Amino acid sequence: MTRRIRNRVFLALGVFLLLFIVIAPFYYVITSSFKAPQEIIARTPTLIPQSFTLQHYEKLFRSSNFPIYLVNSLIVALGAMLLCVALSTPAAYGLYRLRLPGGKLLFRVILVTYAFPGVLLLIPLYGMLSQLGLIDRLLALIIINVTFTAPFAVWMLRAFFTTIPLELEEAAALDGATRLQALMRIVLPLSAPGVASVAIFAFITSWTEYMFASVLILSDANRTVPVGLAGIIGQYQVDWGLLLAGATVTMLPVLFLFSLVGRSFVEGLTAGAVK
Amino acid sequence: MDHASSFSSNDTTQKKRRATASRNRLGGYLFVAPLLLWLAATILYPLFSAIALSMQDIRIIGTAGDFVGLDNYARILGSESFWQAFGRSAIWVVGNAVVQTLAAFTAALILNQRFPGQQFARIWIILSWIVPTVVVVIIWRWLLSSSGVINYLLMAIGLTAEPVGFFGAPTTAATSVVLINAWRWFPFMAVTLLAALQSIPQELYEAAAVDGATAVQRFWRITLPLLQPVLFVLGLVGTLLSFNVFDVIWLLTGGGPSNATTTLPVLIYDTAFTRYRLSQAAAISVLSGLALLIFALLFIRFMAPKQEDES
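Residue numbers (numbering that gives the first Met the number 0), protein chains in the order written: chain A, 0 to 274; chain B, 0 to 310.
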């Protein structure tokens with residue numbers, strides 16, 4: 000009996016530590032973004048805020064270009080999300096449902112593109128996009144983000160598509176539906192959580208992207224949030240309140256979207272490697 | 000469909016089926032084609048243009064360059080900074096692999112137990128991975144700053160009298176960057192391992208327990224062998240993705256102090272966009288790509304799990 004109790008204590012401790020390591024920094028950053036400047040830089044850190052102010056948020060939205068960055072990031076993330084879904088759902092459907100000859104090879108090719116280190120393409124893609132006249136245009140970032148999200152999206156979708164019984168589509172085919180109709184009317188609605196997860200994966204990844212955004216965008220008016228925030232890190236004499244508020248606003252859409260599809264998101268994320 | 004019944008007595012339905020099958024096939028490729036074309040244009044084409052760029056002497060994009068053959072390669076292979084960055088990338092990848100594997104295994108084994116709030120924990124553990132890197136950078140720059148909470152704690156328990164400048168000295172900077180990146184990535188590995196753990200049939204453990212196997216024996220004899228395929232994928236993909244990390248390092252240290260955190264991606268970026276040697280950066284990219292290709296081939300050759308079934 001005592002051994003069981005000891006095991007439970009260890010387990011509880013482990014769970015607590017694990018969640019503490021991952022979540023505590025976020026708690027501390029978010030709560031501190033509402034603290035008065037004196038409290039933020041005080042020698043003794045406060046776990047529970049002793050003051051409350053919105054002044055950092057006011058500064059962020061009133062006297063920095065952060066609102067512009069937010070709009071730019073939204074355009075990039077939404078554009079990349081739509082294109083990624085439009086390209087990856089038919090591809091995943093074709094690969095996993097239609098038993099194409101050479102499908103396995105194509106699947107491997109897509110897997111390779113997923114693991115392909117994007118930094119190796121930084122220079123040539125920069126050259127290519129500059130030849131196309133897309134430097135300093137948000138469209139360039141949309142293109143890049145689709146390239147780096149679509150392969151993994153295909154991988155994620157596989158798990159969701161394979162759970163739909165084939166008979167449903169065969170029945171639709173008997174009723175004279177085309178493949179496209181079967182995809183649109185039967186497969187997509189049934190794998191809605193999967194498609195939503197993929198869309199949110201594409202959104203989050205594009206929302207986060209820093210490296211390409213930092214070299215492809217030149218003017219402040221076209222910056223996205225990660226590059227804009229990184230600029231604030233260097234630009235001001237470290238104003239932690241402002242940065243913490245910026246960090247909080249930046250992760251807000253991610254937290255919101257993730258909370259909508261958390262479970263199927265994680266399932267889709269892992270299914271590719273497991274199955 | 001390939002498996003369409005061949006026992007069908009009705010010849011016309013068979014023909015019809017075959018016709019539908021080949022039409023489906025063509026249609027099938029049409030479903031996949033847009034994505035493949037997209038990837039060809041944005042990955043395959045740039046790959047070749049990187050090789051072309053690396054044989055010229057372009058400094059800033061848009062300016063003309065002359066063909067210089069393999070001069071850039073000769074220069075880079077003879078430069079100390081390339082080999083140092085190469086070594087740092089190797090240390091980076093290995094350091095991350097060790098820390099992340101240990102943390103992820105511990106996390107996955109914990110999450111695989113039953114406890115209240117298990118659903119919540121299994122989903123939100125991924126938090127540090129989904130949050131934008133710039134947020135990760137702000138968080139840790141702040142926590143590790145000289146007036147930050149970690150220095151406060153270190154001083155409170157008497158481990159140090161003065162605040163530690165984590166990003167000030169080469170060794171602490173490199174260690175901090177590895178740990179921060181591992182903090183960001185280990186949850187991804189943990190949820191993948193967890194999913195794999197849950198696909199192991201419970202009966203195996205029960206049978207082993209009946210035979211008197213200890214928990215440690217069960218881990219080595221059942222869990223680890225059955226996780227092998229997942230570990231293989233994680234090892235391969237994880238290495239490539241981990242090599243690729245640029246923003247965390249760049250935004251935390253800028254590659255410093257005294258280049259201690261300049262890995263190959265940082266060197267490529269720095270060469271092209273702060274020192275304006277575009278062609279040289281392209282050559283470093285090609286060489287890095289070759290090194291990774293060799294690694295991947297060796298990894299597949301020696302680590303791939305024995306394939307028993309194809310489907």
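No lab work stands behind these hints, which were simulated from the structure alone.
It is possible that part of the hints are untrue.
Stretch by stretch, here's where chain A covers chain B in the computed footprint (C-beta under 8 Å, at least three residues) [to be verified]:
no., region
1, 70-77
2, 91-100
3, 213-222
Chain B is faced by these chain A residues, among others (derived, beta-carbon under 7 Å) [said to hold, decoys possible]:
no., residue
4, LEU12
5, GLY13
6, TYR92
7, GLY93
8, TYR95
9, THR112
10, VAL118
11, LEU131
12, LEU133
13, ALA229
14, GLN236
15, VAL265
16, THR269
If you want the ones that stay clear, here's a sample from chain A, every Cβ over 10 Å from chain B, calculated [what the hints assert, rightly or not]:
no., residue
17, ARG5
18, ARG42
19, PRO66
20, ILE74
21, PRO188
Small disclaimer: the values here were computed from a predicted structure and weren't measured.
Even glycine gets a Cβ: it sits at the ideal position worked out from N, Cα and C.
Closest C-beta approach of LEU133 (chain A) to chain B relative to 7 Å, hint status: Result: violated, 12 Å to nearest chain B Cβ.
Supplied contact hint for TYR95 (chain A), tested at 7 Å Cβ to chain B: The hint is violated - TYR95 (chain A) has no Cβ within 7 Å of chain B, the shortest such distance being about 10 Å.
Whether chain A covers the region 70-77 of chain B (at least 3 residues having a Cβ closer than 8 Å to its Cβ atoms): violated (count 0)
Given hint LEU131 (chain A) near chain B, where the shortest CB pair must fall under 7 Å: Violated, about 11 Å.
Within 8 Å of chain A's CB atoms, at least three CB atoms from the region 213-222 of chain B: coverage verdict: That given contact is violated, which follows from only 0 residues of the region 213-222 of chain B lying within Cβ reach (below 8 Å) of chain A.
Satisfaction of the THR269 (chain A) interface hint, Cβ to chain B closer than 7 Å: 4 Å, holds
Non-interface claim for PRO66 (chain A), where every Cβ of chain B lies beyond 10 Å: 17 Å, holds
Check on PRO188 (chain A) being off the interface with chain B, judged by Cβ distance over 10 Å: 18 Å, holds
Interface hint for GLY13 (chain A), Cβ within 7 Å of any Cβ on chain B: 4 Å, holds
Interface hint outcome for VAL265 (chain A) [beta carbon to chain B under 7 Å]: 5 Å, holds
Chain B contact restraint for GLN236 (chain A) - C-beta distance below 7 Å: 13 Å, violated
Evaluation of the interface hint that places VAL118 (chain A) against chain B, nearest CB under 7 Å: Holds: closest Cβ of chain B sits about 4 Å from VAL118 (chain A), inside 7 Å.
In this structure, the earlier hints numbered 1, 2, 3, 4, 8, 11, 12, 14, 18 are contradicted, and the remaining ones agree with it.
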